[in-house]
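**Student:** Everything in the sequence shown is counted per the numbering used here, starting at 221 for the first residue and increasing by one.
Don't take each hint at face value.
Said to hold, decoys possible - Now the in silico label distances, taken between C-beta atoms and shown as ranges:
id, residue 1, residue 2, range
1, 290, 262, 24 to 32 Å
2, 295, 254, 16 to 24 Å
3, 237, 288, 29 to 37 Å
Worth flagging that the hints you see were computed from the coordinates, not collected in a lab. Only a predicted model underlies this, so the values are computations on that prediction, with no experimental measurement involved. We put the CB at the ideal spot given by N, CA and C, even for glycine.
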Amino acid sequence: MDCREKAATESEGLPNCRLIFIDALNLAYWCGCPASLRIPATALINLIARGYRAILYFDASAPHRFVSEIDIYQRFLGFPEICVEVPSRRSADRVILRLATSANACVLSRD
């Protein structure tokens, strides 16, 4: 079973929490493909459509990873209620885990 088939199977067991922090840069490298906003954006849209509150969290290095999608990335940043860029020199993973713990939220990541 490849990672795409596994993801389709696991998506049926959605979490009980209503708030989900998405480790967006981590998901952008889905299945070893080059970084793309397509995967984290699709996750965000699907979670919101299912009634979850979801927020994308990006590492500060994200603008350098999405050179061909920089306009889309910058548009996402215009909506701080759904997109956050963690400041440089801070670990996005640590920020996400700390916030998720304090808010009793779930984390969507490949880690």
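**Student:** Tell me, which hint numbers fail for this structure?
**Tutor:** 1
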